[in-house]
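Colleague: Each protein sequence line maps, in turn, to chains L and G.
Mapped onto the working numbering, the consecutive letters of the first sequence carry residue numbers 1 to 447.
Mapped onto the working numbering, the consecutive letters of the second sequence carry residue numbers 1 to 523.
Any given hint could be a false lead.
[Stated by the list, open to error] Computed beta-carbon distance windows for the label pairs:
| id | chain 1 | residue 1 | chain 2 | residue 2 | range |
| --- | --- | --- | --- | --- | --- |
| 1 | L | Ser-93 | G | His-492 | 14 to 22 Å |
| 2 | G | Glu-38 | L | Gly-19 | 53 to 61 Å |
| 3 | G | Arg-502 | L | Asp-201 | 38 to 46 Å |
| 4 | G | Gly-230 | L | Gly-418 | 46 to 54 Å |
| 5 | G | Gln-31 | L | Asp-37 | 31 to 39 Å |
| 6 | G | Ala-522 | L | Ser-178 | 44 to 52 Å |
| 7 | L | Pro-417 | G | Ala-179 | 23 to 31 Å |
| 8 | L | Gln-9 | G | Arg-109 | 24 to 32 Å |
| 9 | L | Arg-414 | G | Pro-50 | 31 to 39 Å |
| 10 | L | Gly-19 | G | His-144 | 33 to 41 Å |
| 11 | L | Asp-201 | G | Gly-61 | 27 to 35 Å |
| 12 | L | Glu-374 | G | Pro-50 | 52 to 60 Å |
| 13 | L | Gln-9 | G | Gly-230 | 49 to 57 Å |
| 14 | G | Asp-315 | L | Lys-444 | 47 to 55 Å |
Hints in this document: simulated from the structure, not taken from any laboratory.
Since we're looking at a predicted model, the values are computed, not measured.
Beta carbons: idealized from backbone N, C-alpha and C, even for Gly.
So you can see what is in the structure, the chains are spelled out below.
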Amino acid sequence: MRYLPHSTQDREQMLAKVGVSSVEDLFVDVPELARLDGPIHGLPLAQGELEVERWMQELSDASISAGSVPFFCGAGAYRHHVPATVDHLIQRSEFLTTYTPYQPEMAQGTVQTLFEFQSQVAGLLACDVANASMYDGSTACAEAVVMAARVTKRTKIVFSGGLHPHYRRAARTLAKHSGLEIAGLPIAVNDEAAVLQSVDDTTACVVVQCPNVFGTLTDFTELAKAVQAKGALLIAVFTEAVAFGLIKPPGEMGADIVVGEGQSIGNSLNFGGPYVGLFATKEKYMRQMPGRLAGETVDADGNRGFVLTLSTREQHIRRDKATSNICTNSGLCALAFTIHMTLLGDKGLKHLAQLNHEAACETADAVSSIKGVELVSPNFFNEFAVRLPSNAAQAVEAMAAQNVLGGVPYSRLRPEPGFDNMLLIAATETTTAKDIATLTDTLKKVI
Amino acid sequence: MAMNNVGRPSAPIAHEAAAPTTFSGARGLLQPTSLIFETGSIERTGVDLPPTKGLKARLSGLARQTSTGNPGLSEPEAMRHYVRLSQRNYAIDLGMFPLGSCTMKHNARLNEKMARLPGFADVHPLQPVSTVQGALGVMEQLSHWLITLTGMKGVALSPKAGAHGELCGMLAIHAALDAAGQSHRRRVLVPESAHGTNPATAVQCGFVVDEIKAAKDGRVDLDDLKTKLGEDVAGIMLTNPNTCGLFERDIRTIADLIHGSGGYFYCDGANFNAIAGRVRPGDLGVDAMHINLHKTFSTPHGGGGPGSGPTVLSDALAPFAPVPYVIKLADGKLDLVEHEDDSDGQPFGRMVAFHGQMGMYSRALTYMLSHGADGIKQASEDAVLNANYVQACLKDHMSVAFDGVCMHEALFDDAWLEGTGVSTLDFAKAMIDEGYHPMTMYFPLVVHGAMLIEPTESESKASLDAFIASMSGLALAAKSGDTARFTGAPYHAPVKRLDETRAARKPILKWAAPITPAQIAAE
Chain L
1 MRYLPHSTQD REQMLAKVGV SSVEDLFVDV PELARLDGPI HGLPLAQGEL EVERWMQELS
61 DASISAGSVP FFCGAGAYRH HVPATVDHLI QRSEFLTTYT PYQPEMAQGT VQTLFEFQSQ
121 VAGLLACDVA NASMYDGSTA CAEAVVMAAR VTKRTKIVFS GGLHPHYRRA ARTLAKHSGL
181 EIAGLPIAVN DEAAVLQSVD DTTACVVVQC PNVFGTLTDF TELAKAVQAK GALLIAVFTE
241 AVAFGLIKPP GEMGADIVVG EGQSIGNSLN FGGPYVGLFA TKEKYMRQMP GRLAGETVDA
301 DGNRGFVLTL STREQHIRRD KATSNICTNS GLCALAFTIH MTLLGDKGLK HLAQLNHEAA
361 CETADAVSSI KGVELVSPNF FNEFAVRLPS NAAQAVEAMA AQNVLGGVPY SRLRPEPGFD
421 NMLLIAATET TTAKDIATLT DTLKKVI
Chain G
1 MAMNNVGRPS APIAHEAAAP TTFSGARGLL QPTSLIFETG SIERTGVDLP PTKGLKARLS
61 GLARQTSTGN PGLSEPEAMR HYVRLSQRNY AIDLGMFPLG SCTMKHNARL NEKMARLPGF
121 ADVHPLQPVS TVQGALGVME QLSHWLITLT GMKGVALSPK AGAHGELCGM LAIHAALDAA
181 GQSHRRRVLV PESAHGTNPA TAVQCGFVVD EIKAAKDGRV DLDDLKTKLG EDVAGIMLTN
241 PNTCGLFERD IRTIADLIHG SGGYFYCDGA NFNAIAGRVR PGDLGVDAMH INLHKTFSTP
301 HGGGGPGSGP TVLSDALAPF APVPYVIKLA DGKLDLVEHE DDSDGQPFGR MVAFHGQMGM
361 YSRALTYMLS HGADGIKQAS EDAVLNANYV QACLKDHMSV AFDGVCMHEA LFDDAWLEGT
421 GVSTLDFAKA MIDEGYHPMT MYFPLVVHGA MLIEPTESES KASLDAFIAS MSGLALAAKS
481 GDTARFTGAP YHAPVKRLDE TRAARKPILK WAAPITPAQI AAE
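Using the sequences plus the hints, can you model the full thing?
Modeller: In structure tokens form, the structure reads like this:
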């Protein structure tokens with residue numbers, strides 16, 4: 001077995017030093033009835049690289065990869081080009097095979113990149129502080145909801161009708177056990193501000209999204225003021241981080257907590273994970289944040305260095321009184337994010353965002369020129385919703401049969417009367433004119 | 001080609017003086033670093049993109065008017081920035097990383113290669129299921145391995161990390177109790193030696209925590225447990241092997257006691273790597289257990305994630321598993337159940353937007369296929385043997401916390417440091433100078449000044465012998481009054497000991513432009 005260094009002789013010598021005759025003697029505390037006589041049945045035995053690679057390749061071939069066909073899926077995960085430098089750097093041994101920086105003197109590479117990551121995220125979202133990342137956008141949203149209840153000491157949570165349904169479900173799963181009451185508004189393409197009507201003096205927060213799940217953009221500035229005047233917090237969610245290269249960031253709208261998905265920058269689709277949740281807030285709520293935080297300090301010689309900090313919020317110190325049970329971040333995905341962001345810079349990000357928007361504009365024009373297809377998003381960044389004359393899930397299946405991945409039917413996220421014909425279409429810098437033409441031709445045939 | 005030193009052979013010359021500080025700030029191969037905010041520029045970019053077309057925007061006046069403030073670097077500058085930073089990190093690929101409870105074993109690069117196959121890495125979570133059969137195949141196979149290795153009924157793959165898996169298991173218990181009309185059961189028993197995530201998780205699920213004492217042998221105090229049982233007990237959260245590196249030899253009794261009083265047995269599977277392939281938790285009476293794919297199945301720790309915490313469930317809890325999950329249809333095709341209403345069971349909800357950590361599933365499955373049932377068993381045995389070897393070799397130099405054989409990690413306390421003026425922390429920092437990542441320190445809490453050493457199966461005997469020699473040397477130095485070696489450590493790391501107190505007192509969590517003399521003058 002290529003991963004295990006010991007020879008039989010090594011093992012014998014070591015057992016002798018321990019003072020036992022066989023390895024069985026090291027497992028004496030295992031109850032008799034739970035001891036197995038050999039390798040577990042029903043599983044194959046060890047294999048070489050070649051065999052394993054062949055097996056996995058065959059499995060991989062059973063999928064249609066996004067890069068091999070015209071591709072227009074979004075709804076919370078986006079296909080962008082990732083520079084080769086990013087994937088090379090995150091595979092460096094010193095980044096890939098190290099642990100959470102518990103010993104900062106031998107982890108300055110990790111802690112400094114997290115500090116830079118936090119700075120970039122705060123700049124991108126126009127917020128005072130950001131943490132070192134969360135599992136993904138949906139869990140960041142769930143943690144934000146619980147944090148808002150903690151800050152306000154209130155119990156009611158209001159979700160907008162434009163919030164990604166999976167984010168709503170994930171937040172609900174966490175919130176209901178914290179004794180929180182959930183008010184979810186009816187699904188709406190363009191009515192984020194409706195949340196205000198549900199705010200009362202028990203409301204901890206309202207959760208809105210921009211761009212929302214239908215791609216619609218809303219300025220929350222006035223809403224934030226109104227919500228805050230009632231003593232509640234405004235949580236602004238996003239699923240497409242590239243958007244803030246072009247559109248007004250939630251921090252500038254006065255959002256109290258901003259959470260979302262950072263996958264678009266530096267990370268592949270990966271069938272939904274691992275991704276990187278972004279979490280930012282105002283300075284006054286800093287000590288109520290969940291998750292890891294990197295901070296600047298000095299060493300014994302007075303030289304600048306970085307450490308994990310404010311850990312008194314966390315489970316390993318506070319145990320049952322911690323702000324969250326979270327014990328990790330999404331380190332390597334955050335590293336990919338920060339490297340890609342560093343390569344882009346402000347200038348590159350704005351350029352990239354513009355390319356995305358233009359690709360979506362061209363796709364929207366082409367698709368909505370089909371008879372019977374109606375563009376329903378009043379505005380958008382790189383994703384929009386159209387209403388088809390027939391069932392969207394069936395149209396997507398029929399397009400897939402012709403090797404076109406033509407978008408996500410809304411019903412896939414949440415079956416909802418009246419939304420069966422709704423199709424979400426995303427375009428990015430990877431979308432070509434030929435892809436758009438193929439999508440249009442194929443969609444025409446299947447509706 | 002020796003043209004650079006022809007006629008000028010280099011030979012060492014003895015010098016008395018201390019090493020001079022350099023003008024560049026470098027120390028030989030260790031290059032100076034700066035922040036991207038100090039070297040980059042808003043106008044610079046390391047990505048070449050096609051020109052934009054100047055189409056009319058459809059943003060309804062929501063165009064961003066401000067800068068993100070994020071500087072760019074050209075590609076060579078970026079490469080150098082991150083490579084220089086990487087060289088300030090320690091890693092498994094550099095040396096032994098005996099961080100107890102964290103399982104820093106070898107990360108095979110085949111796993112990285114397989115995870116990047118386009119059928120797993122370049123598929124969207126919401127593509128039609130007919131187009132993602134390969135990705136679903138990985139999930140189905142991984143489930144099969146996990147269920148078989150643990151002897152359990154079902155598995156929820158979607159939890160994103162160990163603590164998230166704990167949440168999954170405890171939410172399943174919560175849902176099962178509610179379904180049985182047992183909603184008054186809200187007290188969860190947690191041993192005082194438990195990971196901090198256990199009590200934090202229980203509270204997040206709406207339970208209250210009741211601590212159980214540890215007995216003198218480092219295991220659960222059965223008598224204390226018995227007094228804590230009652231009508232309101234929802235269950236127990238127990239790590240096995242426990243955080244002292246010991247197998248809970250009364251585990252069947254504990255399971256029977258909990259079940260007998262109407263509660264469930266959650267097992268924290270953080271230490272499954274000690275018994276994988278040798279013991280099936282299902283045979284021990286476990287109802288739910290998370291498995292850290294990043295520990296037992298060697299998906300890379302990546303400097304703190306991403307992890308992955310699939311949670312195996314017993315017959316009683318499997319129906320409450322969250323959506324989404326994979327099912328096999330009659331025609332052999334795989335399908336996803338994504339909505340609670342579509343489930344045959346009673347899912348407690350949804351934990352994440354999509355399907356969990358696909359990138360970790362493919363790596364873990366590659367590890368499993370490579371090792372096979374026999375290799376996984378051998379890996380567990382070697383991990384346990386290595387820890388016992390380290391314990392046996394160091395027991396005369398340091399004080400072992402509990403007598404007898406250990407599992408995959410050896411636990412020492414700081415009794416042997418008494419009177420030396422050296423603390424566990426100081427000792428750990430001196431290990432950095434020796435070229436080792438320190439062991440886990442001050443955990444578990446039941447042992448004073450704890451030092452928890454987990455070598456893992458990846459270490460050869462020669463590697464262990466070198467580590468033991470280094471640790472013995474340090475132990476002798478501490479006892480012989482060489483205090484400065486410890487209290488001033490690390491001396492040889494890229495930075496000296498860092499001031500964590502200062503960082504917490506006045507937190508600086510992001511870069512800010514330094515105030516210029518002109519700004520000060522203007523105020």
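Colleague: All hints, please: hold or fail.
Modeller: Hint-by-hint comparison with the structure:
no. : hint                                : result
1   : L:Ser-93 <-> G:His-492: 14 to 22 Å  : 20 Å, holds
2   : G:Glu-38 <-> L:Gly-19: 53 to 61 Å   : 57 Å, holds
3   : G:Arg-502 <-> L:Asp-201: 38 to 46 Å : 41 Å, holds
4   : G:Gly-230 <-> L:Gly-418: 46 to 54 Å : 50 Å, holds
5   : G:Gln-31 <-> L:Asp-37: 31 to 39 Å   : 56 Å, violated
6   : G:Ala-522 <-> L:Ser-178: 44 to 52 Å : 49 Å, holds
7   : L:Pro-417 <-> G:Ala-179: 23 to 31 Å : 28 Å, holds
8   : L:Gln-9 <-> G:Arg-109: 24 to 32 Å   : 28 Å, holds
9   : L:Arg-414 <-> G:Pro-50: 31 to 39 Å  : 36 Å, holds
10  : L:Gly-19 <-> G:His-144: 33 to 41 Å  : 39 Å, holds
11  : L:Asp-201 <-> G:Gly-61: 27 to 35 Å  : 33 Å, holds
12  : L:Glu-374 <-> G:Pro-50: 52 to 60 Å  : 30 Å, violated
13  : L:Gln-9 <-> G:Gly-230: 49 to 57 Å   : 54 Å, holds
14  : G:Asp-315 <-> L:Lys-444: 47 to 55 Å : 51 Å, holds
Checked against the numbered hints given earlier, the structure breaks hints 5 and 12 and satisfies all the rest.
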